[in-house]
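One-letter residues, chain by chain:
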Amino acid sequence: MRITNRMMVDNAILNTADSMEKMNKLQNQVSTGKLFQNASEEPVRASLSLSLHSTLRTVDSYVDTTSNTSDWMNASDYAFSQMQDIANRATTLIQRGLNDTISDSERATSLGTEMQTLVNQAVETGNTAQNGQYIFSGYQINTKPFVVENDATQTPFNDQFGNIGVIPQKVTYNGDQGTMQRSLGPDQTVTLNVRGDQALQGFIQNLQTASEALIKKPYDTTSLQTALAGLQSSMSTMDQYRTSNGARLRQVGSAADFLDQVKIETTSLLSQKENANVAEGISSLANQKTTYQAVLEVSQRAISALSLFDYLK
Amino acid sequence: MPSLSSGITLASQAVQAQSQALEVIEHNVANANTPGYRRQSAILTASVPSSLNGSEYGTGAGGQRGGGVSVDRIQRFNLQFFDGRYRSASADAKNSEAQSTILAQFEPTMAETSTDGMIPKLDEFWASWQSLSTDPTNNSLRANLLDNASALTNAFTTRTAEISQLRNDQNLAVTDQVEQINSLAGQVATLNGEISRVLSVGEQPNDLLDKRDLALDTLANLTGSVSFEQKNGEVSVSIGGHVLVVGHDTLKLHTQTSATDANMQDVYWEDNLKLVPTSGELKGILEVRDNFLPDQQTGLNNLAATIIKQVNDIHATGYGPTTVTGTPNDFFTGTNAGDIAVNNALVLDPGKIATADAAGQAGNNAIAVKIAGLKLQKVMGNLTMNDFYNGQITNRSLVTQRAANNTTQQNLVVKALSDQRESVAGVSLDEEAAHMAQTQKAYQASARMLTAYDELLDLVINRMGLVGR
Chain A
1 MRITNRMMVD
11 NAILNTADSM
21 EKMNKLQNQV
31 STGKLFQNAS
41 EEPVRASLSL
51 SLHSTLRTVD
61 SYVDTTSNTS
71 DWMNASDYAF
81 SQMQDIANRA
91 TTLIQRGLND
101 TISDSERATS
111 LGTEMQTLVN
121 QAVETGNTAQ
131 NGQYIFSGYQ
141 INTKPFVVEN
151 DATQTPFNDQ
161 FGNIGVIPQK
171 VTYNGDQGTM
181 QRSLGPDQTV
191 TLNVRGDQAL
201 QGFIQNLQTA
211 SEALIKKPYD
221 TTSLQTALAG
231 LQSSMSTMDQ
241 YRTSNGARLR
251 QVGSAADFLD
261 QVKIETTSLL
271 SQKENANVAE
281 GISSLANQKT
291 TYQAVLEVSQ
301 RAISALSLFD
311 YLK
Chain B
1001 MPSLSSGITL
1011 ASQAVQAQSQ
1021 ALEVIEHNVA
1031 NANTPGYRRQ
1041 SAILTASVPS
1051 SLNGSEYGTG
1061 AGGQRGGGVS
1071 VDRIQRFNLQ
1081 FFDGRYRSAS
1091 ADAKNSEAQS
1101 TILAQFEPTM
1111 AETSTDGMIP
1121 KLDEFWASWQ
1131 SLSTDPTNNS
1141 LRANLLDNAS
1151 ALTNAFTTRT
1161 AEISQLRNDQ
1171 NLAVTDQVEQ
1181 INSLAGQVAT
1191 LNGEISRVLS
1201 VGEQPNDLLD
1211 KRDLALDTLA
1221 NLTGSVSFEQ
1231 KNGEVSVSIG
1241 GHVLVVGHDT
1251 LKLHTQTSAT
1261 DANMQDVYWE
1271 DNLKLVPTSG
1281 ELKGILEVRD
1291 NFLPDQQTGL
1301 NNLAATIIKQ
1311 VNDIHATGYG
1321 PTTVTGTPND
1331 FFTGTNAGDI
1341 AVNNALVLDP
1351 GKIATADAAG
1361 QAGNNAIAVK
1371 IAGLKLQKVM
1381 GNLTMNDFYN
1391 GQITNRSLVT
1401 QRAANNTTQQ
1411 NLVVKALSDQ
1421 RESVAGVSLD
1431 EEAAHMAQTQ
1441 KAYQASARML
1451 TAYDELLDLV
1461 INRMGLVGR
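Chains A and B supply the protein sequences, listed in that same order.
Numbering-wise, the first sequence is residues 1 to 313 according to our numbering.
Numbering-wise, the second sequence is residues 1001 to 1469 according to our numbering.
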């Protein structure tokens, strides 16, 4: 083939440009650590990488949800454990009250007073708030669920302290029947809250009844015994709800573990799809640099080569 | 006997012929870098011989006497067949290259693989609903949702603006190219006239042919036009079967506002037929402007419309702390990717963002859960919104990749053809140097011949007939 000077120069330019482009690509890969900058460089990998990134963001949002959810449920569980302590102490007090050796006034002053404290504690525990939100009031998270107030339907009684016509108290639930659901994953939801009216209202009411039975004058063993029976039955109800809360808490825990697992796997998949092998990249870059130098060397000879004109005299 | 004067004429003709040949070499060297230049060569030929006259008979010589040398013609090295193939390959390459260049501009402005991509914005929007669902009374989460929602609507509107900006740029390019095509067509017509005139007087219009070939190359690059040479040396040029240049006449192109899109200019012939470029840069530009970019916009509009409808349908049935029952409560306003926006009523009062499916239930998150769940619902045919847009990105990047690959491959073909053409028609300086030396020697030798005759004449004129002086 007849080769002209212009072909030599054009080829030299083309080859240096080509080599430069390859080097630029490798340099980008090494310095960013990514196999591609624009989707068009690797359309299929890019598409996978986009959906894996999306999966990661979804997982992250569920991770936030599970951690909030378990905080809330742990608060419920803690409230239950406090209630359990209150219940144990209350049972002890009532059993001492049922003992015939204790005098009526002592029953009222020492046992009745402590029992009233326990009622207050129980109400307070029932009104536990997590992040300023009441956890036992159903959907009405801004409303205190439990209030103790006069019960006009009951007959007033006289107490051991000389008060006449004491109005019996009742525990009112101001929440609603809402059960809040939280998503732990695309198709997995869990009930977040325990409703105070189901789990706690009966227990607090029974505590209140017991405390009234302890101070009532004249003392009535039957009503104290009834109060004890009621208290024990409402304790077992409360226990059921605590167990179910615990079971759900475990569900949230295993969902969180699953999400962590998904996150780890997705991240490693993602790195396979979009991360450049830096060691390989650097050695290819070094290789390409050598090639580029060779191209430059050859090109400068091609371009600046002496022509016949230099030798003619 | 040959006359001495005829010898001088022969020698001086030889000197002239060699110096003409030298000039052609000089012309080649001078134009070694001129685009479109085809090398030329002076074809020398022996002059018409003369018959021996009567007095020369019997001297032993026979036949005819050589008449020296003359330049027969100046040959232009060109291969017509290469030109056709070269132009068609080059037009295809320009078509891909034009597409590839525009698409390469388009891709980074969409920034889909970065955190500014549409998919991250969508994810953040759904994630904000998800977080709001875990804590519906938290006002900072409402503010966060509004923030991410407006980032999402911005992602739609900036993309729409980018697409329309890019289309407008291409529209300008189309107008420019039409002017360029008209001007080139005019050049070809003028050159046709000059070439046929030069040819008709039996001369070789080599440099005019170079100019015309260059114009034809450029025309083919722009439109994929093809040309046919006629017997009188003129070429006719046509684009997609419609004549652009015939003889000295051109049929001009003009732009007029498109019937389907008032912002765009379509290209028409003088006779009001629409121009259909078969290849070349113009085709690439029109392809991107009229097919690729509108398709992208349609996809974006579909996605925006789906989000607006799906989110609004759920949101309108819900309640926030300050929702006024009975008044419509949309989350988004607008109908497509150009005008999608967050309902201003919600921006002014984030309490109107609906999270509950019944009034007065602060902890009720049913609506927020439902909207967050849209992310994974197949609401676009059998695809989720994310999948739909992911498909759109993949499609777009495949087109971009194909255009770039086509450009590289077609340019290799063009390079090979251009090398072949250059191999025949290009100027090699070494070759010219050799020819120069060769011609120079011949010139010197002819000049010496002239001197020899001069001496002979000197002998005859100045020294003969002096016997006995």
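Treat the hints as calculated values from the structure; they're not laboratory data.
For each residue, glycine too, the CB sits at the ideal point set by N, CA and C.
Wrong hints could be hidden among the right ones.
Stated by the list, open to error - Restraint-style ranges between C-beta atoms, simulated for each label pair:
| no. | chain 1 | residue 1 | chain 2 | residue 2 | range |
| --- | --- | --- | --- | --- | --- |
| 1 | A | G253 | B | G1391 | 35 to 41 angstroms |
| 2 | A | I282 | B | H1242 | 52 to 58 angstroms |
| 3 | A | S271 | B | A1143 | 30 to 36 angstroms |
| 4 | B | G1391 | A | I282 | 31 to 37 angstroms |
| 5 | A | T179 | B | K1378 | 54 to 60 angstroms |
| 6 | A | S271 | B | T1109 | 24 to 30 angstroms |
| 7 | B | L1079 | A | A294 | 52 to 58 angstroms |
| 8 | A | S307 | B | T1451 | 31 to 37 angstroms |
| 9 | A | S271 | B | T1322 | 41 to 47 angstroms |
| 10 | B | G1391 | A | S271 | 21 to 27 angstroms |
| 11 | A | S307 | B | H1248 | 41 to 47 angstroms |
| 12 | B | T1322 | A | T179 | 20 to 26 angstroms |
| 13 | A | D18 | B | L1383 | 37 to 43 angstroms |
| 14 | B | H1248 | A | N287 | 58 to 64 angstroms |
As the list claims (entries may be wrong) - Within a straight-line C-alpha distance of at most 25 angstroms, the following computed SDA-like cross-link-like pairs (lysine to any residue) qualify:
| no. | chain 1 | residue 1 | chain 2 | residue 2 |
| --- | --- | --- | --- | --- |
| 15 | B | K1121 | A | S271 |
| 16 | B | K1121 | A | P186 |
| 17 | B | K1121 | B | K1415 |
| 18 | B | K1415 | A | K273 |
| 19 | A | K273 | B | E1124 |
| 20 | A | K313 | B | N1395 |
| 21 | B | K1309 | B | T1323 |
| 22 | A | K273 | B | T1323 |
| 23 | B | K1121 | A | V44 |
Said to hold, decoys possible - Computed footprint of chain B on chain A, listed as stretches where at least three residues anywhere in the stretch have a Cβ under 8 angstroms from a Cβ of chain B:
| no. | region |
| --- | --- |
| 24 | 38-45 |
| 25 | 48-57 |
Check the structure against each numbered hint from earlier and tell me which ones fail, lowest number first.
Failing hints, ascending: 5, 7, 17, 18, 20 and 22.
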